[in-house]
Amino acid sequence: MYNRGKIIIGLVIFGLIITAPFLLNMVQANEPPEVSLDTPVINQLSEKECVESADFMRSQHPQLLNDWRDQVVREGKTVYVSSSGKEYEMSLDNSCLQCHSNRSEFCDACHAYTSVDPYCWDCHGGGIAK
Amino acid sequence: MNRRDFIKLMASLGIGSALVLEGIDKIGAAAEVAPDSKALPAKHWGMVIDVSKFNSPQDFQKVAQACHQYHNVPDIDDPRHEVKWIWQEDFEHTFAELESEYLSEKVKQLQFPVLCNHCENPACVRVCPTKATFKREDGIVAMDYHRCIGCRYCMAACPYGARSFNFFDPRPYIEQINSDVPTRTKGVVEKCTFCVERLAKGQQPVCVEASGGAIVFGDLDDPNSSVRQVLKDNFFIRRKVELGTGPSVYYIIGGGGASA
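Note that the protein sequences, when read in sequence, are chains U and L. All residue numbers for the first sequence refer to the working numbering, where the first residue is 1 and numbers rise by one. All residue numbers for the second sequence refer to the working numbering, where the first residue is 1001 and numbers rise by one.
Calculated from the structure, these hints are not laboratory results. Incorrect hints may appear among the rest.
[Unchecked claim] Once the Cα atoms are required to be at most 30 angstroms apart in a straight line, the calculated DSS-like pairs of lysine-lysine come out as: (1) L:LYS1201 <-> L:LYS1062; (2) L:LYS1186 <-> U:LYS48; (3) L:LYS1053 <-> U:LYS77; (4) L:LYS1240 <-> U:LYS86; (5) U:LYS77 <-> L:LYS1108; (6) L:LYS1008 <-> U:LYS77; (7) U:LYS77 <-> U:LYS48; (8) L:LYS1232 <-> U:LYS48; (9) L:LYS1053 <-> L:LYS1106; (10) L:LYS1062 <-> L:LYS1232; (11) L:LYS1135 <-> U:LYS77; (12) U:LYS48 <-> U:LYS6; (13) L:LYS1186 <-> L:LYS1201; (14) L:LYS1135 <-> L:LYS1201; (15) L:LYS1240 <-> U:LYS77; (16) L:LYS1186 <-> U:LYS77; (17) L:LYS1053 <-> L:LYS1201; (18) L:LYS1232 <-> L:LYS1186; (19) L:LYS1053 <-> L:LYS1232; (20) L:LYS1232 <-> L:LYS1038; (21) L:LYS1135 <-> L:LYS1240; (22) L:LYS1053 <-> L:LYS1186; (23) L:LYS1131 <-> L:LYS1062; (24) L:LYS1240 <-> L:LYS1131; (25) U:LYS86 <-> L:LYS1038; (26) L:LYS1186 <-> L:LYS1043; (27) L:LYS1038 <-> L:LYS1186; (28) L:LYS1186 <-> L:LYS1106; (29) L:LYS1053 <-> L:LYS1131; (30) L:LYS1053 <-> L:LYS1043.
[Stated by the list, open to error] Residues from chain L that face chain U, not an exhaustive set, calculated with beta carbons under 10 angstroms: (31) MET1010; (32) SER1012; (33) GLY1016; (34) SER1017; (35) ALA1031; (36) ASP1077; (37) PHE1134; (38) MET1155; (39) PRO1182; (40) VAL1188.
Every residue gets a Cβ at the ideal spot worked out from N, C-alpha and C, and that includes glycine.
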């Protein structure tokens, strides 16, 4: 092989550049987002619970909201019976955002961390201050 | 393996995996959903507007304002960009096909509140490429703004001009946002919804409440409903019936038999 030294050095540099994002992230401690539940409505609740368990909401809320939209808009069904048997109005404005009125500390905290940009607020939550 | 065996194997694999996926789908099914017990039921919502009770500009304003304030409809002055759900129109533009040179001055000067006609055979629904606008089982032509891509085919198709497009973010043009209902966003078409979200909670549409009896709302399929009672006792006209759209908004001119 000609130019063995140059080729190997080049390969090592190439490998470092390609894996740089992973290597840098291993060094950097990545703070998990802080999600605040400190809103007037939530503080007044005797039992602090969402329509489903926190784990379910954390992983499934986009799907849940999509289902709610289709049920309400297409099927005209507006009442959600949760797995605990309680009834809720399926409405982002009149249910979710009544409690979670702190968009920047609640919604945006995780969305910014995971780098997703949902357009919910283009239409919803207009009456609630940001 | 010969070709016959291979095809058999692949077909059974396909059917098997479809069954498995179907099963997984069922496991993931969420909790139950139901309509509100207070929801008003109907097979075909319809509206009757008594034009004789719309005399002054205030009569129109109070209805349009109530509707537009409730639904967060922006107040944009520029007619090229304005958004409207219910508004005032003169005879010539409401019933163009009834125009005649011998028409009495009284009829010519009549003013009509106009809105989406929630057609039985809606042209807007036929042309919508994303099914963002659709006809519900209760006859309401509804919209799913999430799916609207802003192509405005529906606006071209609607013979009543009932649809408006949001050329820009409407929020700065809304004086006081009603937090009970969403606003719309740049790039979607909007129109009257017959207050579908209020019907789901057992309330009458905003315009009906604001009109003080000038607008009657009810189930056209029910012979005993308020709208059918009014239609039975009065001569009525609908807009552009000759197009076959089957509008669900009826106008009674009133004022005795002379003007009808």
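Here is what the structure says about each hint:
With a C-alpha separation of about 23 angstroms, the suggested pair LYS1201 of chain L and LYS1062 of chain L falls inside the 30 angstroms cut-off, and the hint holds. Among the hinted pairs, LYS1186 of chain L with LYS48 of chain U is inconsistent with the structure: their alpha-carbon atoms are about 36 angstroms apart, more than 30 angstroms. Restraint check: the Cα-Cα separation between LYS1053 of chain L and LYS77 of chain U comes to about 35 angstroms, which exceeds 30 angstroms; the hinted pair is violated. Pair hint LYS1240 of chain L plus LYS86 of chain U does not hold up; C-alpha atoms about 48 angstroms apart against a cutoff of 30 angstroms.
Taken as a hint, the LYS77 of chain U and LYS1108 of chain L pair is broken in the structure, with Cα atoms around 44 angstroms apart against an allowance of 30 angstroms. For the hint pairing LYS1008 of chain L with LYS77 of chain U, the CA-to-CA distance comes to about 44 angstroms; that exceeds 30 angstroms, so the pair is violated. Distance hint between LYS77 of chain U and LYS48 of chain U is fulfilled; the C-alpha atoms sit about 26 angstroms from each other, no more than 30 angstroms. For a cut-off of 30 angstroms, the pair hint linking LYS1232 of chain L to LYS48 of chain U is broken: about 55 angstroms separates their Cα positions.
Restraint check: the Cα-Cα separation between LYS1053 of chain L and LYS1106 of chain L comes to about 14 angstroms, which is no more than 30 angstroms; the hinted pair holds. Taken as a hint, the LYS1062 of chain L and LYS1232 of chain L pair is honoured in the structure, with Cα atoms around 28 angstroms apart against an allowance of 30 angstroms. Restraint check: the Cα-Cα separation between LYS1135 of chain L and LYS77 of chain U comes to about 15 angstroms, which is no more than 30 angstroms; the hinted pair holds. Only pairs whose Cα atoms come within 30 angstroms are accepted, and LYS48 of chain U paired with LYS6 of chain U is rejected, the gap being roughly 64 angstroms.
A threshold of 30 angstroms between alpha carbons decides the hint, and for LYS1186 of chain L with LYS1201 of chain L the separation of about 28 angstroms falls inside it, so the pair holds. A hinted pair counts as satisfied when its Cα atoms are at most 30 angstroms apart, and LYS1135 of chain L with LYS1201 of chain L qualifies at roughly 20 angstroms. Between LYS1240 of chain L and LYS77 of chain U, the direct Cα distance comes to roughly 33 angstroms. Violation of the 30 angstroms bound is thereby established for this hinted pair. At most 30 angstroms may separate the alpha-carbon atoms for a hinted pair to count; LYS1186 of chain L and LYS77 of chain U meet this at roughly 27 angstroms.
Of the pairs offered as hints, the one joining LYS1053 of chain L and LYS1201 of chain L holds, with about 28 angstroms between alpha carbons and a cut-off of 30 angstroms not exceeded. For the suggested pair LYS1232 of chain L and LYS1186 of chain L, the alpha carbons sit about 43 angstroms apart, so the restraint of at most 30 angstroms is broken. Taking the CA atoms of LYS1053 of chain L and LYS1232 of chain L, the gap is about 19 angstroms. The hint holds against a cut of 30 angstroms. For the hint pairing LYS1232 of chain L with LYS1038 of chain L, the CA-to-CA distance comes to about 28 angstroms; that is within 30 angstroms, so the pair holds.
At most 30 angstroms may separate the alpha-carbon atoms for a hinted pair to count; LYS1135 of chain L and LYS1240 of chain L meet this at roughly 19 angstroms. With a CA separation close to 36 angstroms, the supplied pair LYS1053 of chain L and LYS1186 of chain L exceeds the 30 angstroms bound. The hinted pair formed by LYS1131 of chain L and LYS1062 of chain L fails the criterion: a straight-line CA distance of about 33 angstroms is larger than 30 angstroms. Under the criterion of a C-alpha separation no larger than 30 angstroms, the hint pairing LYS1240 of chain L with LYS1131 of chain L is consistent with the structure, at around 24 angstroms.
Simply put, LYS86 of chain U and LYS1038 of chain L have alpha-carbon atoms about 17 angstroms apart, close enough for the 30 angstroms limit, and the pair holds. With a C-alpha separation of about 33 angstroms, the suggested pair LYS1186 of chain L and LYS1043 of chain L falls outside the 30 angstroms cut-off, and the hint is violated. The hinted pair formed by LYS1038 of chain L and LYS1186 of chain L fails the criterion: a straight-line CA distance of about 34 angstroms is larger than 30 angstroms. Of the supplied pair hints, the one linking LYS1186 of chain L and LYS1106 of chain L is violated, its CA atoms being roughly 41 angstroms apart against a limit of 30 angstroms.
The straight-line distance between the Cα atoms of LYS1053 of chain L and LYS1131 of chain L is roughly 37 angstroms, outside the 30 angstroms bound, and the hint therefore fails. Distance hint between LYS1053 of chain L and LYS1043 of chain L is fulfilled; the C-alpha atoms sit about 28 angstroms from each other, no more than 30 angstroms. Look at MET1010 of chain L: its Cβ only gets to about 32 angstroms from chain U, farther than 10 angstroms, so that hint breaks. Annotation: interface hint on SER1012 of chain L violated; nearest CB of chain U at approximately 32 angstroms, more than 10 angstroms.
Checking GLY1016 of chain L against chain U: minimum C-beta separation of about 26 angstroms lies over 10 angstroms; hint violated. With a cut of 10 angstroms, the hint placing SER1017 of chain L at the interface with chain U is violated, because the nearest CB-to-CB distance is about 22 angstroms. A cut of 10 angstroms between beta carbons decides the hint on ALA1031 of chain L: the least distance to chain U is about 5 angstroms, and the hint holds. Contact between ASP1077 of chain L and chain U, as hinted, is not supported at the beta carbon level, the nearest pair being about 21 angstroms apart and thus beyond 10 angstroms.
Checking PHE1134 of chain L against chain U by beta carbon gives a least distance of about 7 angstroms; that is within 10 angstroms, so the hint holds. Hint on MET1155 of chain L is violated. Least Cβ distance to chain U is approximately 19 angstroms, over the 10 angstroms limit. Taken as an interface hint, PRO1182 of chain L checks out: its beta carbon lies about 4 angstroms from the nearest beta carbon of chain U, inside 10 angstroms. Proximity of VAL1188 of chain L to chain U holds as hinted, the smallest CB-CB distance being about 8 angstroms (cut-off 10 angstroms).
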